[in-house]
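Asks: Single-letter residue listing:
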Amino acid sequence: MEKLLDVENLWVKFPSRQGVFDAVRGVSFSLGRERLGIVGESGSGKSMTGRAILRLIRSPGIVEADHIKLDGVNLLAKTEKEMRAVRGQRISMVMQDPKFSLNPVTTIGDQIIEAYRLHNKASKADAYAKSIEMLEAVSIRDPERVMRAYPHEMSGGMGQRIMIAMMLIPNPEILIADEPTSALDVSVQRQVLDIMDKLVKERGMGLIFISHDLNLVADFCDRVLIMYAGRIVEVCEADKLHEAKHPYTRGLLNSLPRLDAPRDRLEVLQRDPAWSTAPSVSGQI
Amino acid sequence: MNMLEINGLNVWFGTARDRVDAVKGATFDVAKGQSFGLVGESGSGKSTILRAITGLAPTWSGSIKVAGETVEHKRHKSFFKTVQMVFQDPYASLHPRHSVDQVLGETLHLHGFKDIDNRVVKLLDDVGLGQKFRFRYPHQLSGGQRQRVAIARALAPEPTLLLLDEPTSALDVSVQAEILNLLADLRAEHGLTYLMVSHDLSVVGHMCDRLAVMKDGEIVEIMDVAALQGMQAKHPYSRQLLEASV
Chain A
1 MEKLLDVENL
11 WVKFPSRQGV
21 FDAVRGVSFS
31 LGRERLGIVG
41 ESGSGKSMTG
51 RAILRLIRSP
61 GIVEADHIKL
71 DGVNLLAKTE
81 KEMRAVRGQR
91 ISMVMQDPKF
101 SLNPVTTIGD
111 QIIEAYRLHN
121 KASKADAYAK
131 SIEMLEAVSI
141 RDPERVMRAY
151 PHEMSGGMGQ
161 RIMIAMMLIP
171 NPEILIADEP
181 TSALDVSVQR
191 QVLDIMDKLV
201 KERGMGLIFI
211 SHDLNLVADF
221 CDRVLIMYAG
231 RIVEVCEADK
241 LHEAKHPYTR
251 GLLNSLPRLD
261 APRDRLEVLQ
271 RDPAWSTAPS
281 VSGQI
Chain B
1 MNMLEINGLN
11 VWFGTARDRV
21 DAVKGATFDV
31 AKGQSFGLVG
41 ESGSGKSTIL
51 RAITGLAPTW
61 SGSIKVAGET
71 VEHKRHKSFF
81 KTVQMVFQDP
91 YASLHPRHSV
101 DQVLGETLHL
111 HGFKDIDNRV
121 VKLLDDVGLG
131 QKFRFRYPHQ
141 LSGGQRQRVA
151 IARALAPEPT
161 LLLLDEPTSA
171 LDVSVQAEIL
181 NLLADLRAEH
191 GLTYLMVSHD
201 LSVVGHMCDR
211 LAVMKDGEIV
221 EIMDVAALQG
231 MQAKHPYSRQ
241 LLEASV
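Those protein sequence lines, which keep their order, are chains A and B.
Here the first sequence is numbered in the UniProt record's numbering, starting from 1 and rising by one per residue.
Here the second sequence is numbered in the UniProt record's numbering, starting from 1 and rising by one per residue.
These are computed hints drawn from the structure, not numbers from a lab.
The structure displayed is predicted, hence computed values, not measured ones.
Mixed in with the good hints, there may be bad ones.
List time: in silico SDA-like cross-link candidates among lysine to any residue, alpha-carbon distance up to 20 Å [unchecked claim]:
id : chain 1 : residue 1 : chain 2 : residue 2
1  : B       : Lys215    : A       : Gly156
2  : A       : Lys99     : B       : Ser93
3  : B       : Lys234    : A       : Asp260
Please model the entire structure based on the sequences and the hints provided.
Replies: Given below as structure tokens:
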């Protein structure tokens with residue numbers, strides 16, 4: 001498979017008073033035109049991996065890697081100005097909480113139009129029409145009203161769909177979605193995923209889907225990386241996730257309550273210190 | 001005997017043009033010792049029912065009976081000894097500048113207990129935290145530990161009815177399992193009655209005996225968990241919800 005993105009030996013470090021804290025420790029993986037899931041608990045470094053690709057980790061945080069290649073070009077060698085042409089245009093990112101990623105004092109319409117016109121030469125009227133079309137594509141009812149509204153007038157689900165619309169409008173090659181649906185209801189979740197799925201398929205995009213929800217990832221992605229304490233502990237095909245072998249993955253799967261297999265007590269994950277010291281598994285194709 | 005009886009409960013916010021009817025004619029009852037789940041999507045009014053019971057949503061009509069006694073709009077002090085609530089987000093529901101000891105101690109003091117010191121120790125043991133957490137501040141605790149503190153605080157006045165508003169939705173699945181086990185143990189030990197709100201059908205399926213499915217402020221179906229597990233939902237909306245979550 002053609003590699004859109006190739007990451008080799010990625011480290012994210014945060015110097016602190018107690019010494020250097022390694023949030024991501026030597027992770028390697030690559031992404032083709034596929035849906036790649038990254039799962040793990042909070043603090044496992046999955047979000048940091050996503051941010052590090054876009055070089056969004058602020059000082060004093062340090063990103064180190066042998067390379068992060070987008071179509072063969074190393075992103076780490078780019079200047080900050082060149083990076084700005086990558087962000088949004090070629091790789092875009094949907095963050096976890098729409099409440100913090102939308103500008104609270106600007107209408108939604110203005111924000112989407114801004115995102116579009118920053119990357120495309122278009123008149124305001126065209127951008128408006130395109131924005132309405134994108135909002136419809138993420139199944140928002142009454143897009144004209146939403147264009148005039150401010151973020152606080154939107155529910156969480158709508159906010160997240162607006163973010164997805166905004167991120168997809170420049171037509172990027174890679175979309176990094178960091179827990180895009182964890183703030184949403186199951187029914188809405190499905191819709192949002194279907195929208196992302198359709199867009200990924202139609203446009204041949206690569207998708208990195210970061211989530212803590214194992215079932216969702218097993219259902220939605222093609223390939224899954226399982227992260228624990230900053231390392232990849234297991235890589236598997238998404239439809240074979242339930243046959244995963246690593247005790248950590250097994251533990252996570254067993255701790256989920258299931259409707260079809262009721263139990264009196266849920267299994268509690270027993271952590272083995274060896275998991276965090278074992279070398280990272282490569283997720284390269 | 002029914003621990004909680006709710007009859008024709010309406011809750012609304014705002015007046016005239018801006019009026020939003022969050023809950024419309026909700027009717028259900030929860031037997032003593034039972035665990036009852038409320039499911040539905042966000043905005044369906046499930047949390048609002050809990051807030052109306054505790055008095056956090058003051059504009060309601062209909063009847064709420066707790067342990068056979070009708071709840072008035074102005075609640076008597078004894079009400080809060082019977083009914084307590086655990087909130088969704090353990091990061092927001094604890095005072096950032098109060099230690100665990102202060103949080104529990106103040107609650108016990110407000111409820112007029114004398115042997116506060118012993119009770120704090122016991123509460124911490126009950127929720128599986130132990131002594132070493134007693135003088136910590138919320139930022140020194142993980143999400144699961146904070147939720148344990150929030151549960152300990154709710155248990156402080158020795159309530160019989162516990163309202164759980166998405167108690168695990170902010171937590172990781174591995175931590176969720178610990179908290180759900182803890183809640184199940186506490187219910188067995190203290191003979192508690194639970195009214196639990198969740199958007200996760202499998203969590204409700206695990207924790208509850210009966211459940212009500214809500215949509216747009218109305219209860220569309222009340223069923224047993226056995227029916228849920230057997231995928232025997234009758235209303236089209238609950239079937240849709242069930243299919244989406246399997």
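Asks: Against this structure, judge whether each hint is valid.
Replies: Hints versus structure:
| no. | hint | result |
| --- | --- | --- |
| 1 | B/Lys215 <-> A/Gly156 | holds (17 Å) |
| 2 | A/Lys99 <-> B/Ser93 | holds (19 Å) |
| 3 | B/Lys234 <-> A/Asp260 | holds (18 Å) |
Of the hints listed earlier, there is not a single one the structure fails to meet.
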